[in-house]
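Undergrad: Sequence:
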Amino acid sequence: MGGRKSNAGQRPSARQMLAKELARLREESGKSLATLGEETTYDRAYLHKLETGARVGSPEVITALSAVYGVGEQLLMLWQLARQDAFADKYKRFMRLEARATVRYQYAVGAIPGLLQTEGYAREVFEATRARDEHDLSEEIAARLGRQELLQRENALHYRAVLDESVLRRKARDPKEWTKQLEHLLEASQLPNVTLQVLPFDAGPHALLGTSVTVLWLPDGKAVAYTEDAHSGQLIEDPSEVEKLRLSYDLMRDLALSPRHSVAFIERLLEENTPCAPDPT
Numbered sequence: 003m004g005g006r007k008s009n010a011g012q013r014p015s016a017r018q019m020l021a022k023e024l025a026r027l028r029e030e031s032g033k034s035l036a037t038l039g040e041e042t043t044y045d046r047a048y049l050h051k052l053e054t055g056a057r058v059g060s061p062e063v064i065t066a067l068s069a070v071y072g073v074g075e076q077l078l079m080l081w082q083l084a085r086q087d088a089f090a091d092k093y094k095r096f097m098r099l100e101a102r103a104t105v106r107y108q109y110a111v112g113a114i115p116g117l118l119q120t121e122g123y124a125r126e127v128f129e130a131t132r133a134r135d136e137h138d139l140s141e142e143i144a145a146r147l148g149r150q151e152l153l154q155r156e157n158a159l160h161y162r163a164v165l166d167e168s169v170l171r172r173k174a175r176d177p178k179e180w181t182k183q184l185e186h187l188l189e190a191s192q193l194p195n196v197t198l199q200v201l202p203f204d205a206g207p208h209a210l211l212g213t214s215v216t217v218l219w220l221p222d223g224k225a226v227a228y229t230e231d232a233h234s235g236q237l238i239e240d241p242s243e244v245e246k247l248r249l250s251y252d253l254m255r256d257l258a259l260s261p262r263h264s265v266a267f268i269e270r271l272l273e274e275n276t277p278c279a280p281d282p283t
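Those letters in the sequence shown? Residues 3 to 283, by my numbering.
Bear in mind the hints are in silico, worked out from the structure with no lab data behind them. Bear in mind that the values here come from a model prediction, so they are computed numbers and not experimental data. Positions of the beta carbon are idealized from the N, C-alpha and C atoms, including for glycine. Possibly wrong hints are sitting among the right ones.
Stated by the list, open to error - The following label-pair restraints were derived from C-beta to C-beta distances:
id : residue 1 : residue 2 : range
1  : Arg95     : Ala266    : 37 to 43 Å
2  : Arg248    : Gly212    : 17 to 23 Å
3  : Glu30     : Leu147    : 43 to 49 Å
4  : Lys224    : Val73     : 38 to 44 Å
5  : Ser34     : Met97     : 23 to 29 Å
6  : Gly32     : Lys173    : 49 to 55 Å
7  : Leu188    : Glu151    : 19 to 25 Å
8  : Glu243    : Ala130    : 16 to 22 Å
9  : Thr213    : Leu78     : 34 to 40 Å
10 : Leu249    : Met19     : 41 to 47 Å
11 : Leu253    : Thr65     : 45 to 51 Å
12 : Lys246    : Phe128    : 28 to 34 Å
The whole structure should be built from the sequences, with the hints applied where relevant.
TA: In structure tokens, the structure reads:
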């Protein structure tokens, strides 16, 4: 007679650990969910989902809970680990490799890459892809923006992004947010580890047409690739397939504007998007 499989020896996920810690802290404090809701301004149903692991939460709610419980940055550090679970399983291996990578080359179509997005632009992208409640939206935005630490950390990732002109012609709905996003791109281009290029429409067809591609180089010299469209993504680790994508990327990059001319291109777009001040006369 077959027995039930035991979970003994399995390590709890950071998401589970965060949920248990939140439940423990509230129990020790003697507070009800209703009281906690009043003290943090978050509704009790949402707080309950945090304690069961149904939600990971955002930095804002974790900071509010930390203040109530007086635990300093302990919860926020645990949340930083748990936020990885906010991503679907199919992306988790890519994200583990991404965190280890020393070099990243990316070609973006459709939208500005997540590593270069502002909060307002990211919000519009998420809102456009599918319906979410505000808590879901906040969690996903926080998780995406949190990944940008890869460009700022010690021994920061060397990042080259080629933006298809279509990405820059599809503005955010809010002109102010689009201005912030263009300014953010220009700021990012000044980082010593970041190179931005624009692939203009007149470059014509190329092998990566319509496909966003990311190539990661790992410390051991191995390279992996990730391709995606609006509805799916694929991690590619077979060396021969990765090499084909690397070659296609190199050929496509040769068609792009130089980094200097790409910055000038973005500056022109920013100027076009910025309303002229009224003539005082």
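Undergrad: Each hint should be assessed against the structure and marked as holding or not.
TA: Do the hints match the structure? See the list:
1. Take Arg95 and Ala266: their Cβ atoms lie about 38 Å apart, and the range 37 to 43 Å holds.
2. Separation of Arg248 from Gly212 is about 18 Å and conforms to the stated range, judged on CB atoms against 17 to 23 Å.
3. Taking 43 to 49 Å as the suggested C-beta distance range, the pair Glu30 and Leu147 does not conform, at roughly 32 Å.
4. Distance hint for Lys224 and Val73: a CB-CB separation of about 40 Å, consistent with the stated range 38 to 44 Å.
5. Taken as a hint, the range 23 to 29 Å is violated for the pair Ser34 and Met97, whose Cβ atoms sit roughly 37 Å apart.
6. Our hint of 49 to 55 Å for Gly32 and Lys173 holds, since their Cβ atoms are close to 51 Å apart.
7. At about 20 Å, the beta-carbon gap between Leu188 and Glu151 stays in the expected band of 19 to 25 Å.
8. Between Glu243 and Ala130 the CB atoms are about 31 Å apart, so this pair departs from the stated range of 16 to 22 Å.
9. Between Thr213 and Leu78 the Cβ separation comes to about 37 Å, which falls inside the hinted range of 34 to 40 Å.
10. Restraint check, Leu249 to Met19: a C-beta distance of roughly 43 Å satisfies the suggested window 41 to 47 Å.
11. For the pair Leu253 and Thr65, the supplied restraint of 45 to 51 Å holds, since their beta-carbon distance comes to about 47 Å.
12. Checked against the given bound of 28 to 34 Å, the beta carbons of Lys246 and Phe128, roughly 32 Å apart, stay inside it.
The earlier numbered hints that this structure contradicts are 3, 5 and 8.
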